[in-house]
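Visitor: Guided by the hints, dock chain D onto chain W, whose structure is given.
2 protein chains.
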Amino acid sequence: MTTTQKVPLLLIGVGNVGQRFLELLIRKRDTLCDRLGLELILTGVADTSGVAICPTGLDPQQVVQLKAKGQGVAAYPRWGQSGGSALEMVRTTEADLLLEASPANLEDGQPGLSCIETALSRGMHVVTANKAPLVLAFPRLLTLTRVHGVQLRFDATVAGGLPAVNLGQRDLAAAEIYRLEGILNLTTNYILTRMAQDGLSYDEALAHAQAAGHAETDPSLDVEGWDAANKLVILAHSVLDYPATLAGVAVEGITHVTAETLRQAAAEGKRVKLVATAERDGDRYNLSVRPAWLDADHPLAQLGPKQMGIVYHTDISGVITAAIVEETPLPTASAMLRDIIDIYLLSAAR
Amino acid sequence: MTTTQKVPLLLIGVGNVGQRFLELLIRKRDTLCDRLGLELILTGVADTSGVAICPTGLDPQQVVQLKAKGQGVAAYPRWGQSGGSALEMVRTTEADLLLEASPANLEDGQPGLSCIETALSRGMHVVTANKAPLVLAFPRLLTLTRVHGVQLRFDATVAGGLPAVNLGQRDLAAAEIYRLEGILNLTTNYILTRMAQDGLSYDEALAHAQAAGHAETDPSLDVEGWDAANKLVILAHSVLDYPATLAGVAVEGITHVTAETLRQAAAEGKRVKLVATAERDGDRYNLSVRPAWLDADHPLAQLGPKQMGIVYHTDISGVITAAIVEETPLPTASAMLRDIIDIYLLSAAR
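In the order they appear, the protein sequences are chains W and D. So the mapping is simple: the numbering used here equals the position in the first sequence, first residue as 1, plus 74. So the mapping is simple: the numbering used here equals the position in the second sequence, first residue as 1, plus 74.
Read the hints as simulated data drawn from the structure, not as lab findings. Wrong hints could be hidden among the right ones.
Covered stretches of chain W (in silico footprint by chain D; criterion: 3 or more residues with CB under 8 angstroms from a CB of chain D, positions within the stretch not fixed) [unchecked claim]:
hint	segment
1	237-245
2	394-408
Here are a few chain D residues that sit away from chain W, every Cβ distance over 12 angstroms (derived from the structure) [to be verified]:
hint	residue
3	A249
4	W300
5	H330
6	G356
7	Q376
8	G378
9	T395
Over 10 angstroms on every C-beta distance to chain W, these chain D residues come out as not near it, computed from the model [unchecked claim]:
hint	residue
10	T105
11	S156
12	D170
13	A286
14	Y316
15	A340
16	K344
17	S408
A virtual CB, placed ideally from N, CA and C, is assigned to each residue, including glycine.
Here chain W stands alone, though its shape is the one from the complex (with noise of 0.2 angstroms):
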């Protein structure tokens, strides 16, 4: 590698997922530049306390400490600034990337979806781990990025760090996908699997599930169905090529399956799973989130407690399985390090 690439970056969100990108930042700044010629300069950082932005880069390192500290960026030393905000961020500051991981809001994807649309009419490419803006507007996001010539990645949206949107997208170009099966929320298999295989209640599972981090106080996006159904329709858009809508997603949650449905289905050898479902029908997909009774040789039905999987039935490339154990968000993390190195170093290779 003989020349380093220097990339300005912003970063929306330092949340979980946020905060361990800073963590790789720091843990994997030797591996990016010496192995991958990337040098990452985070010129700017938005939370809900404000910003901090400095053209020379800022230091990782003392985000990620104010963070522990409980502060917010507009904490940080100089170049911290008290409720300012993320979008006036984005439209004033020179950066060739913008790293979007606020949380998905859903009511209309702000204010992820005004960062990432300046972004993109900027000139900047976006990697975003944020669902929202994408359910709501993939077909115009997409347009942008046409106009614009830069690129928008998202394997950090679906299935935390397994490449589910890469393989499909990439891997998968020629294939006509006939049926894709996955297993896309942790929070609901970590109860299914535990309600299972530890004869816990429903409520058991939930609250074991929320001790050990695995889901929000309020679990109600996730139990019911909806996270998965979100996924889902990104899948649909960009792996699908079909433009789903969220209420286009047949939803059914998990809350009420009973540990008795999990012994009778045990009974007859199979076993319960939140599955989002993809059926090619004609020329239309039919898109379904619900527990699904697999058997036992399913390739889903093994997941374990802390892993997320997906099915390609494709017509050239046999059926293809990935699945990932994800502990932590860190691989969340990692899959918007991918996105980063996948548009910069494999179009400078070329």
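Guide: Only chain D this time, still in chain W's reference frame:
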């Protein structure tokens, strides 16, 4: 997609994989043109009978029909040349891309190795399904790609249509892989799985594999573990950045595995699989191929008779498993098409 890229290409080898690739050229012609903006033009093809060369493009259908009639490409009307050599074709024919699908010659890699070297030196990209040149000369070939600014892709050489190489090279580019495990050979997995599931003896299972087209008449390369070892060497070079040699792999085949061994393993809740492993040990990797007793919940333990798979244990991306059901060589041919798309389409998008 506004413009169509025309790619003149040469194909060497019209056996199982080469024929399937030609069928894909026909079957996916519209998808490639309309969806991906890629027009692949077969300007030359070589097999043991000779070559057929036509600057404006041969008809893949005619080549497939010749092979179906038991004839070689030398019999191609007007453009066939009896006895013409593949290497001479690569030396003298204008093309942008060489596809190498001739049988692996592990003695000296020829004629594939010389053809690939010549193509790279002439500024052609190369996509190969032939393992031997990579196993014997990976570093030299990599240097050639750098000197001449071209790409060498070989996703089809490992685990058929599974993007095992791509997953490791691309999606785990920033990750450290401290352990890699794979079921990389279909024949041995077919034999071991049929023995375990159906109580067949080794000889019976081998006969079934041969009858089903999953094993060669001389199966020694497969059953003695060398085919898997070759694939492990390719993964070591390409994914682990580790300069492995075949001599450095501890290889043990499955010829001594008995039905009794499998019964004993099953009684202990284990499955016996031929597993290729690369395990980090300080600055190096220990490489081995041997029958392993896997726990029933090991991600490779469940793979059926027509499956191959790989597991990457990483520092930042969790544990990622990928597997494929491969009934015919079609997915392997689709991996060659995947590599072509990667070379042309992903670069064009940037």
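Visitor: Now tell me, hint by hint, if it's right for this structure.
Guide: Hints and how they fare:
no.: 1; hint: 237-245; result: holds (count 5)
no.: 2; hint: 394-408; result: holds (count 12)
no.: 3; hint: A249; result: violated, 7 angstroms
no.: 4; hint: W300; result: holds, 24 angstroms
no.: 5; hint: H330; result: holds, 28 angstroms
no.: 6; hint: G356; result: holds, 18 angstroms
no.: 7; hint: Q376; result: violated, 6 angstroms
no.: 8; hint: G378; result: violated, 7 angstroms
no.: 9; hint: T395; result: violated, 5 angstroms
no.: 10; hint: T105; result: violated, 6 angstroms
no.: 11; hint: S156; result: holds, 33 angstroms
no.: 12; hint: D170; result: holds, 14 angstroms
no.: 13; hint: A286; result: holds, 16 angstroms
no.: 14; hint: Y316; result: holds, 13 angstroms
no.: 15; hint: A340; result: holds, 15 angstroms
no.: 16; hint: K344; result: holds, 15 angstroms
no.: 17; hint: S408; result: violated, 4 angstroms
In terms of the numbered hints stated before, the structure departs from hints 3, 7, 8, 9, 10, 17, listed from lowest to highest.
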